[in-house]
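Asks: Place chain R on chain Y using the hints.
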Amino acid sequence: GEDVEQSLFLSVREGDSSVINCTYTDSSSTYLYWYKQEPGAGLQLLTYIFSNMDMKQDQRLTVLLNKKDKHLSLRIADTQTGDSAIYFCAAPKGSARQLTFGSGTQLTVLP
Amino acid sequence: DVKVTQSSRYLVKRTGEKVFLECVQDMDHENMFWYRQDPGLGLRLIYFSYDVKMKEKGDIPEGYSVSREKKERFSLILESASTNQTSMYLCASSFSKGGLTRSGAPLHFGNGTRLTVT
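If you're matching them up, the sequences are chains Y and R in order. Just so you know, the first sequence maps onto residues 54 to 164 in our numbering. Just so you know, the second sequence maps onto residues 2 to 119 in our numbering.
Okay, chain Y solo, but in the shape it has when bound:
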């Protein structure tokens, strides 16, 4: 089955760039997702990338996809304290009605 892995913690200084990494196993994945979870809230869709793309940019967010290595990354430029949250990588699984989520990366932005 699908397996999605990401590191648990990342700390950066305010104004620096953050890079959150994710690896997945299912080579048939067509869409890959990044979700953000702020304290006490549910998950909100941050961005997604289709598997025929290498890169997608949306304002301060850049998603890079290396299909050969099954590696996905989320770069946040000029990281702000409001970016402190848990970030989840997710990939479709099986019948594609489901998503498999990584364990989440807790991003802490230091002043």
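Derived from the structure by calculation, the hints contain no laboratory data. The beta-carbon is built from N, C-alpha and C at its ideal position, and this holds for glycine as well. Be careful, since some hints might not be right.
[To be verified] Within a straight-line C-alpha distance of at most 27 Å, the following computed DSS-like cross-link-like pairs (lysine-lysine) qualify:
#, chain 1, residue 1, chain 2, residue 2
1, R, K19, R, K56
2, Y, K121, Y, K89
3, Y, K89, R, K58
4, Y, K89, R, K4
5, R, K54, R, K71
6, R, K4, R, K72
[What the hints assert, rightly or not] Okay, the calculated beta carbon distance ranges per label pair:
#, chain 1, residue 1, chain 2, residue 2, range
7, R, K72, Y, L163, 44 to 54 Å
8, Y, Q133, R, G17, 41 to 51 Å
9, R, R15, Y, K109, 40 to 50 Å
10, R, D29, Y, K109, 24 to 34 Å
11, R, S97, Y, L114, 23 to 33 Å
12, Y, R66, R, E80, 44 to 54 Å
[Claimed, not checked] Pulled from the structure, derived: some chain R residues nowhere near chain Y, Cβ distances all over 10 Å:
#, residue
13, L12
14, T16
15, E18
16, F21
17, N32
18, K54
19, E63
20, S66
21, R69
22, E70
23, K72
24, E73
25, R74
26, S76
27, Q86
28, S88
Replies: Just chain R now, kept in the frame of chain Y:
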């Protein structure tokens, strides 16, 4: 905006009680999901449903059941709550256009129910 509403933010129940967690979405989505979230384990799928009265087991269905009598409502039932079911429960919904991946339809989440079983 899609709204997924979970009936309770916090719930405290005793071991052995029957517990109902309710979820309602207002966007006529076909698919609905129940996940539980535990530190270091991410989200794990309990059950999902892609139509009224339809249900499929996720990765960790043991100890849970679900009900989907109406399209907008998906209930998670803990038949006899146990302490290892203390967790954050997240409901989500999505629409289908030939399948989630082909449409790129994202999951929309509720704010979660933090359940404590004592």
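Asks: Okay, R66/Y versus E80/R on CB: inside 44 to 54 Å?
Replies: holds (49 Å)
Asks: With the threshold set at 27 Å, check whether the alpha-carbon distance from K121/Y to K89/Y stays at or below it.
Replies: Within the cut-off at roughly 26 Å; holds.
Asks: With d taken as the least Cβ-Cβ distance between E63/R and chain Y, does d exceed 10 Å?
Replies: Per Cβ check, E63/R is outside 10 Å of chain Y; nearest 17 Å; holds.
Asks: Is it the case that K72/R keeps its Cβ farther than 10 Å from each residue Cβ in chain Y?
Replies: holds (15 Å)
Asks: Has the hinted range 24 to 34 Å been met by the Cβ atoms of D29/R and K109/Y?
Replies: holds (28 Å)
Asks: Q133/Y and G17/R, beta-carbon distance inside 41 to 51 Å?
Replies: holds (47 Å)
Asks: Find the nearest Cβ of chain Y to the Cβ of N32/R and say whether that gap is larger than 10 Å.
Replies: violated (6 Å)
Asks: Checking a non-interface call: every C-beta of chain Y should be farther than 10 Å from the C-beta of S88/R. Is that right?
Replies: holds (14 Å)
Asks: Quick check for students: does the CB of R69/R sit more than 10 Å from each CB in chain Y?
Replies: holds (14 Å)
Asks: Can you confirm whether the C-alpha distance between K89/Y and K4/R stays at or below 27 Å?
Replies: holds (17 Å)
Asks: Verify that the Cβ of Q86/R lies farther than 10 Å from every Cβ atom of chain Y, and report whether the claim holds or is violated.
Replies: holds (19 Å)
Asks: Is the nearest Cβ of chain Y still more than 10 Å from the Cβ of R74/R?
Replies: Non-interface label on R74/R holds, nearest chain Y Cβ at 17 Å vs cutoff 10 Å.
Hint 17 from the earlier list is the only one contradicted by this structure; the remaining hints agree with it.
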